[in-house]
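**Student:** The chain contents come next:
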Amino acid sequence: MTIAIDLTVPRGTFALQARFTAPPRGVTAVYGPSGAGKTTLLRAMAGLQPAQGELRVGEVIWQSDSVVVPAHRRELGMVFQEPSLFTHLSVEDNLRFGQRYLPPGKQPADYREIVTLLGLEGLLERRVDRLSGGESQRVALGRALLRSPRILLLDEPLTALDRARKRELLGYLGALPQALDLPLLYVSHALDEVVGLADHLVLLNEGRTIAAGPVNDLLTQLDLPPAQDADAAAVITGETVGYDSADQLSRIRFDGGELLATSSTALPNGPVKLRILARDVSLTLDHQQHTSILNIVPATVTDLRAAEAGQCTVRLDCGGQGLLARVSRRSVSELELQPGRPVFAQIKAVALLQP
Amino acid sequence: MLSSDDITALGLTLRLALISTLMLLVLGTPLAWWLAHTRARCKPVVDALIALPLVLPPTVLGFYLLLALGPEGPVGAALEGLGGAPLAFTFAGLVIGSVVYSLPFVVQPLQDTFARIGTRPLEVAATLGAGPADRWRHVILPLARPGYLTAAVLGFAHTLGEFGVVLMIGGNIPGRTQVVSVAIYDHVEALDYASAHMLAALLLGVSFALLLGVYWRNRRWRLAVAGS
Amino acid sequence: MNTLFLKRRALRGLALLLLGGFNSATAAELQVAVASSFAPALEAVGEAYTRKTGHTLRLARASTGKLYAQIVNGAPYDLFFAADARRPMLLETAGKTLAGSGFVYATGRLVLWNRSGPQGPGAIHALREGDYRYLAIANPRHAPYGAAAQRALEALALWQAVQPRLVRGENVGQTLQFVQSGNAELGFVASAQLAALPELPGEVWTVPQELYPPLHQRVALLRDSPAAQALLAFMRSEVARELLRSYGYDLPGQ
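Residue numbers (the working numbering), protein chains in the order written: chain A, 416 to 770; chain B, 13 to 240; chain C, 5 to 258.
Don't take each hint at face value.
Straight line, CA to CA, 20 Å or less: simulated SDA-like cross-link-like pairs of lysine to any residue [as the list claims (entries may be wrong)]:
#, chain 1, residue 1, chain 2, residue 2
1, C, 70, B, 206
2, C, 70, B, 205
3, C, 70, B, 203
4, C, 70, B, 209
5, C, 70, B, 71
6, C, 70, C, 151
7, C, 70, B, 208
8, C, 70, B, 200
9, C, 70, B, 197
10, A, 521, B, 143
Everything labelled a hint here was simulated from the structure, so no lab data went into it.
One chain only, chain A, in its complex shape:
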């Protein structure tokens, strides 16, 4: 049920050529700088822009050499950068708009379920032009979901929102894949959004796919743009196993050991993702005692790469999962860091991502 994309989209002076596959579940993020062709790719996938090549979603072919399925017959949902709600309809009519066009025999999505999932109850009576940006995007999201799509395409949906709304909406988005068993294709130029949501990552630059794969593999690969970013981070998958209510710490077990993360409430025991920024990781050769840093785990250096201003990015293997550390070049030479060197990673902050 994978999603296979091999598209060439003419675009002004040059063409976008994207080729990758995405898993049938979870969030696949397409990451790249502005102008890389991300929006073009998404529009071509939606059928809003002419393209050549192949596009297959599971067993359904949306584009091939012989057939091009028109946009309205592709069972997809799309959330655009601007909410684009229909101003001539109420919020509820907006939500229900796509339900009229479902193919015969298709089970309609549960209206109540989506409304509850996205917290839209209070908005149903409101007028479309009185909604805030964040509320509008939530309605747009609900509208797309109520159309029972096979895949949800999102084109930088958080761009127009402020920080608080972004976080709020990210929360809703993160809950979707599990709640609805629906693959998301999320396009963004904001690394933190990608890190927060993605299970699978596709890197796009100047109209070409330069890499595609599981998110942490690509995030920690030093020759790719994410690892060179100032906000470079790794995403560790683990399992919540306990909670210390006195100290408000969650215990997470992963392949490389155990981590403690602060959280105001106990999380249900189960799979969890953690984000660890490269700049929050320092390295020692010996396990430090009497330090305020809670999380110290053994790791092995696998790769090094110079970063700007006397810095260096180090890739570590931590029980099979990749981790990044940003240290000074001097430290690299003093500690004689090189591939294979066993070290201890001191992780200053661990952020819990939506499960």
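Given the structure of chain A, go ahead and fit chains B and C onto it with the hints provided.
**Tutor:** Showing chains B and C alone in chain A's frame:
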């Protein structure tokens, strides 16, 4: 008192305005849509052509229509070749004249409205599964309703008051091409000011009542949507 | 080539040649309201008049009805050359003119023009046989040529028969346009109009005068002055009369 010819003229005028407006809305929609969205180089030329009836004096417009519809003109000759009857001095000819004369009054408001709506609502509707016809019925038309209202009112009112064009190609035949504006003019020319005043007042009254009805209806529609 | 047209051209040139110089010291400008149909002829006469007297004419052209309405409402014209006799008479009765100064300066001639017919006289056959789609006349209600055409048709016992095919122009100028553009095959127009066409295809039938009341065209003097009196006198001169004849008008006292 008004003669039966005058009443006939009023009925004829209303019919002419109604038919012309309907035709203009139908013809004007694809034209306005194309103009709102095209990036063709020739767009300014088409824009200017459509605006021409605004600039040309109506009698000049009527004069060229008279020539064009005549047996030696492009339209008249073609029509004759196809075995059709000439269009000058016929109601059909007046409709054609009215359509040309009121074209910019219908196309321009529609064009502005379509441009304002843009393509995004259509794209959104497509991603929600609406086919081309559904997009039109359920997205574009409701969003464009104010524009359609303006276009219809302007087109209708403009045709009601049309004089110069009808004068040139109508032939002033009672019951066929004698419209109210020409009838009023005739009364004035014949120094029958009483009839002229009465007919003018009747035309104004009818037009005002129609316009008022339309705007009022529109207000009720808008309030209905807003309240939901 | 229209022989009337050529003759008119020639006479205009000749008239200018024959007249001598003028006295520029007391040159005046007359504001003249003239019916559109008569304007071309008045222009030619005006040129000759200016040559002779040094006074100039400033012409305001419009339909007789419009000019009448303007004058009644105070428009500042010195003279009014109407295309009929009725409107100037109304002005005279209302006391807006100098008493006794008005007269018939020309008489129009009604003709029937069959543009697509064979060259030469004979338009009446097409009319009698109904061999046409539309017959154009000026609106009998307010255009003198239209009223004359109606009387002629009544006299010919054809008025009822032509009703279904009758189209009415607002004035005789528009009536001419209907025929000239080919939209109406036949039309009752003024002889003076045909004199102005460089080409005159088809056949022309001069309607016998006994079939319609004379199309007297009357002038009214609104503001007296030596220049105005001079123009009125000039209108009666032989030079002017010849010119008018070449323009297709009949003269009183002929």
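**Student:** With reference to the structure, classify each hint as holding or not holding.
**Tutor:** Hint check results:
1. For the hint linking residue 70 (chain C) to residue 206 (chain B), the alpha-carbon distance of about 17 Å falls within 20 Å, and the restraint holds.
2. In summary, the hint linking residue 70 (chain C) to residue 205 (chain B) is supported, as the alpha carbons are separated by about 13 Å, within the 20 Å threshold.
3. Of the pairs offered as hints, the one joining residue 70 (chain C) and residue 203 (chain B) holds, with about 10 Å between alpha carbons and a cut-off of 20 Å not exceeded.
4. The straight-line distance between the Cα atoms of residue 70 (chain C) and residue 209 (chain B) is roughly 17 Å, inside the 20 Å bound, and the hint therefore holds.
5. The straight-line distance between the Cα atoms of residue 70 (chain C) and residue 71 (chain B) is roughly 17 Å, inside the 20 Å bound, and the hint therefore holds.
6. Pair hint residue 70 (chain C) plus residue 151 (chain C) holds up; C-alpha atoms about 18 Å apart against a cutoff of 20 Å.
7. About 15 Å separates the Cα atoms of residue 70 (chain C) and residue 208 (chain B), which keeps this hinted pair within 20 Å; it holds.
8. Pair hint residue 70 (chain C) plus residue 200 (chain B) holds up; C-alpha atoms about 9 Å apart against a cutoff of 20 Å.
9. Simply put, residue 70 (chain C) and residue 197 (chain B) have alpha-carbon atoms about 11 Å apart, close enough for the 20 Å limit, and the pair holds.
10. At roughly 17 Å between alpha-carbon atoms, residue 521 (chain A) and residue 143 (chain B) fall within 20 Å of each other, so this suggested pair holds.
Hint compliance for this structure: no hint is broken.
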